[in-house]
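Asker: Model the placement of chain B on the given structure of chain A, informed by the hints.
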Amino acid sequence: MNYNKITIPLISLLIFCLFWEWIVWFNGWPNYKMASPSDLWPAFWKFRWLFLSYGWDTLWRTVVGLSLSILVGLGFGVIMGFSKTMRIALYPLLVGFNAIPKATVVPVIALMFVGFHDMNTILIVILISFFPIAVSISIGLSTLEPEYKDILLSLGATKFEIFYKIALPKTLPEFFGALKVAATLAFIGTNLMEIIEPHGKGLGHLFDSGKISADYPLMFAVLIALALLGIFLYYIVVMFESIFAGWAERN
Amino acid sequence: MHIELRNVSHEFTLEAGSLPVLKDLSFSVPKGRFTAIVGPSGCGKSTITRLVSGLLKSKKGEVLISKEVVKSPRSTVGMAFQNPVLLEWRNILDNVILPLEIVSKNISRETKIKRARELLKLVGLAEFEKSKPSELSGGMRQRASLCRSLVHKPEVLILDEPFGALDAFTREDLWQTMLTLKKQESFTCILITHDLREAIFLADEVLVLSGRPASLQFQLDVKLGDDRKLDDLYTNETTKSLAILRKQIEIAQKSMI
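Chains as they are written, first to last, in this note's numbering: chain A, 1 to 251; chain B, 1 to 257.
None of these hints come from the bench; they were simulated from the model.
Computed from a predicted model, the values in this text were never measured in an experiment.
There may be inaccurate statements among the hints.
Partial list, computed: chain B residues near chain A (C-beta under 8 Å) [to be verified]: (1) Ser53; (2) Arg74; (3) Val77; (4) Trp89; (5) Leu93; (6) Ile102; (7) Val103; (8) Ile107; (9) Ser131; (10) Lys132; (11) Ala168.
All C-beta atoms, glycine included, are put in the ideal place defined by N, C-alpha and C.
Chain A extracted, bound-state conformation (with noise of 0.2 Å):
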């Protein structure tokens, strides 16, 4: 079973390059206008030490903005969940601010908070995750069947108790469903600041240098850099599903 979870996507990952390599190969491109596998080796190497700082940067940005994001969407899920009203007024007004691109409040973020560049990154992160969170927590929260909360209830249970024994178990698993959406969204909020934010640090600022000075390789491998994290984040976020939630998978 563990053998086949890592054989196969290694496999398939496998697969992919090759393909990368061949079409590239076979098009006959230069490396502008797309790099191949091959390509980007060279390019790991020469800026291994930015690719580790840098993406130490990115990673613990993405993981604290993403942490506080899980806070904010806690917050406003457990309210909605629990009221109606709180529910009706919030809504539209979540609605409207997740449906204003997020690259245009960066320029806004960063004008307001000159030279807190950390801060800045991880604003971005959590207002573009929190909202699939908000919205998981508040729907499992409401969608709570009656029965659950009366035999809680019938006993003299507090709402607190009724909360933390049933309701937030029972969320747990739209919950991660959401997280996992907000990791990889994440990733987007912490590159976005990077990237348009000058003076900046972390991989998007890798991406920016290599743009500027034309090193395409580069730029390729700042994207593959940030799917792998992409990636690491997004099992971390599994792992513990599996831990917290586990009790949902059905074999």
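Answerer: For chain B alone, coordinates are given in the frame of chain A:
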């Protein structure tokens, strides 16, 4: 615990106006007795369970448990529904323990487990205490739900069609389990059901409610004694009782239209 309803009337407020569900309903269940309530669909039977458990307050009249007016939920009540509502993330043992975590926070986990195991053994689920609810059949889940409703030794047990979703044979099994529980545990029970045979097999008396708004229409004393067997359902006397109840339901249904 003696349960008494005194001239209880209740109505639901809907957008289209108010919908009266209970009208001047009075009955009492003496301590330790098992009362089944039958009546046409939608006549307000489930409202009675919510009133007795304190989840709902009646608009008029009062509900008393051992001479005390029920104003809010109390820990001496146990409930089971048609949907067993087991928590999927807990195993069967922990599901049964749940009420103790609310009403007996101070007793040790060992004591809770001991009590839960005692009940699981009675209903034949001893080997399944570590199973997840999704791994059990519908009948087994309902057995676990019954254990949960009794684990904190409630004085009043309220059953809202707990066997309604089961197939006929599983249901008969559960009836017998219910009789075992009735012998071992001491509780005063109200059973809401649509099944007249179930009402006669389990209860000491059967109340027939009229159509909505419901009031007490008829009361039948069951003379089956304490040692009941499924065969008792096929005697002439039971058949006569069933026919009487059937007739009463028909009258109640007509009063509703």
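Asker: Hint by hint, note whether the structure agrees.
Answerer: Verification of the supplied hints:
no.	hint	in the structure
1	Ser53	holds (4 Å)
2	Arg74	holds (6 Å)
3	Val77	holds (6 Å)
4	Trp89	holds (4 Å)
5	Leu93	violated (14 Å)
6	Ile102	holds (5 Å)
7	Val103	holds (5 Å)
8	Ile107	violated (15 Å)
9	Ser131	violated (12 Å)
10	Lys132	holds (6 Å)
11	Ala168	violated (24 Å)
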